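Protein chains: 2
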Amino acid sequence: MGSFDGLSAFPPTPADAAGRLQEKLLAALIGRIAATQADSIGLLGSTGGYAYLSRAERQRAVRVAVECLGGKRPLFVGVGALRTDEAQALAADAREAGADGLLLAPMSYTPLMEEEVFQHMVAVAEAGSLPLCIYNNPGTTKFTFSEDLIVRLSKVPNIVAVKMPLPPDGDFAGELARLRARLPEGFAIGYSGDWGAADALLAGCDAWYSVVAGLLPEPALRLARAARAQDEAEVRRIDARFQPLWTLFREFGSFRVMYALADILGLFSLAPPRPILPLPGEARGRVEAALQAL
Amino acid sequence: MGSFDGLSAFPPTPADAAGRLQEKLLAALIGRIAATQADSIGLLGSTGGYAYLSRAERQRAVRVAVECLGGKRPLFVGVGALRTDEAQALAADAREAGADGLLLAPMSYTPLMEEEVFQHMVAVAEAGSLPLCIYNNPGTTKFTFSEDLIVRLSKVPNIVAVKMPLPPDGDFAGELARLRARLPEGFAIGYSGDWGAADALLAGCDAWYSVVAGLLPEPALRLARAARAQDEAEVRRIDARFQPLWTLFREFGSFRVMYALADILGLFSLAPPRPILPLPGEARGRVEAALQAL
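Chains as they are written, first to last, in the UniProt record's numbering: chain U, 1 to 294; chain B, 1 to 294.
If you're looking for bench data, these hints aren't it; they were derived computationally from the structure.
Just so you know, these numbers come straight off a predicted model, no measurement behind them.
Wrong hints could be hidden among the right ones.
[As the list claims (entries may be wrong)] Output of the computed footprint for chain B on chain U, the stretches with three or more beta carbons under 8 Å from beta carbons of chain B:
| hint | region |
| --- | --- |
| 1 | 81–90 |
| 2 | 144–155 |
| 3 | 274–288 |
[Said to hold, decoys possible] One-sided excerpt, in silico: chain U residues whose CB lies under 8 Å from chain B:
| hint | residue |
| --- | --- |
| 4 | Gly19 |
| 5 | Ala51 |
| 6 | Tyr52 |
| 7 | Gly139 |
| 8 | Thr140 |
| 9 | Gly253 |
| 10 | Phe255 |
Beta carbons are placed, not taken as given, at the ideal position from N, Cα and C, and that holds for glycine.
Please model the complete structure; the sequences and the hints are all you need to start from.
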């Protein structure tokens with residue numbers, strides 16, 4: 001079960017100030033997504049704050065999500081860590097807890113070289129023994145995958161998909177054509193960066209790795225479906241309603257905005273992990289207004 | 001005891017493939033530095049791979065270094081972590097184990113905002129209750145301190161020094177004059193980036209946070225002393241001998257080169273923490289040649 005196609009919803013991971021998972025709150029978020037037709041769930045992604053949670057809490061989060069989903073939706077789990085052996089252990093944990101696939105971002109402290117990222121990903125893909133998506137997220141990992149490296153990794157057992165950042169020049173069609181010409185048949189190419197999703201989907205990408213769908217799966221699904229139906233007018237109409245939220249995502253970082261959104265929606269009232277601070281009060285009012293636009 | 005002035009030597013932290021500290025090897029490195037007139041030791045800095053070690057191993061490393069030094073040299077300890085509460089715990093650990101001061105880099109995953117870094121550093125400085133040096137290392141943390149933020153932090157209790165990256169325009173004198181005009185009397189300004197040390201020292205900075213001094217304290221000390229004596233010709237002569245090594249530091253990252261250097265010097269033969277890979281064989285030959293130039 002589980003292909004890296006369609007709308008993948010990335011929920012935050014509710015945790016207290018000491019980083020302890022709030023199981024019931026997470027289960028409620030997962031249940032909310034599972035009640036829609038979202039194609040998959042991306043647990044412990046950047047939005048899920050995996051970098052701020054211990055191995056034990058990450059294990060618990062996977063168990064809670066698996067139990068809550070009961071196999072109704074594929075569950076993909078972020079297993080990034082600064083050390084290769086830790087990422088391997090997290091990958092094995094996720095498989096044992098019942099995950100359907102893995103997301104692997106090359107977290108870095110010492111800036112990484114291409115060969116290091118290659119060997120790291122090979123080692124984790126082997127340890128995980130699950131379909132794995134390359135999590136190409138330069139904004140957080142500070143590592144940018146070259147197209148050559150993605151092509152090289154696409155030949156590695158278990159590596160079946162890539163999550164791309166928005167291309168700086170906005171040329172999704174060109175990037176997709178270049179990559180597809182070099183990647184194996186069926187290798188899935190998706191995008192993150194919600195404000196670019198409309199263009200990415202209309203250009204024919206395979207997946208939208210969506211932050212906003214973690215808390216607002218319904219309007220995100222409407223956008224994804226209109227794009228699948230090639231109804232560009234409808235895509236633009238829905239995307240326009242999202243604009244105030246996209247502006248906030250870009251200005252404050254989607255991670256921070258999602259905590260305010262969860263509070264406003266009555267889903268959970270928790271601060272993000274320090275050092276990350278809650279949005280200032282003024283911005284919170286703008287999140288409320290952005291929500292009303294939807 | 002302990003001011004952030006002069007030559008601070010940053011040793012690697014010998015650990016096995018599973019990240020377990022090799023106590024005797026660390027003690028030998030510390031003893032080697034303490035046998036010179038180096039002004040302080042920077043344990044668990046970026047060169048010490050703190051980001052790749054568990055809290056327990058970091059605690060052990062401080063204990064080993066304190067015991068080995070017996071108060072003969074000030075010991076500064078890196079206490080950076082992605083979470084504020086973890087960095088606070090590491091700071092308390094370091095103080096309890098007998099450290100003389102702290103180095104704090106704002107490690108990041110979600111890119112941090114200025115106010116977040118400010119509050120993070122205030123919280124850790126308070127928890128540590130030791131003199132603390134702002135570890136401004138954008139190459140690894142991906143956060144660049146503005147001069148305004150450094151000035152704001154200089155007013156916080158316990159924060160007494162800053163370790164700066166090399167200025168992109170190379171204008172050390174200009175940067176030092178600007179900062180000193182705004183910082184409290186006695187606030188120490190030092191630089192890291194060994195290939196810029198000669199210029200930084202000649203421009204009158206207070207400290208050289210030196211990677212190479214972690215394994216080769218003697219030639220680094222000669223450079224630092226010639227600079228203190230304002231003997232520019234001698235500084236240039238010593239710096240010229242270091243050039244082949246500086247070239248390797250810039251090309252491969254000093255972290256990787258130090259592991260090859262330790263092996264060549266017979267100090268320890270361990271791989272860096274994966275995903276970081278040892279230098280390729282060809283580069284190792286160049287490290288040997290660079291060492292002979294010294």
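To see whether the hints hold, each was checked on the structure:
1. 81–90: The restraint on the region 81–90 of chain U holds, since 4 of its residues have a Cβ under 8 Å from chain B and three suffice.
2. 144–155: Violated, because only 0 residues of the region 144–155 of chain U bring their Cβ atoms closer than 8 Å to Cβ atoms of chain B.
3. 274–288: Since 4 is at least three, the answer is holds.
4. Gly19: 7 Å, holds
5. Ala51: 4 Å, holds
6. Tyr52: With Cβ-Cβ at 6 Å, under 8 Å, it holds.
7. Gly139: 6 Å, holds
8. Thr140: 5 Å, holds
9. Gly253: Check passed: Cβ of U:Gly253 comes within 6 Å of chain B, closer than 8 Å.
10. Phe255: Hint on U:Phe255: holds, closest Cβ of chain B at ~5 Å, below 8 Å.
Checked against the numbered hints given earlier, this structure breaks only hint 2.
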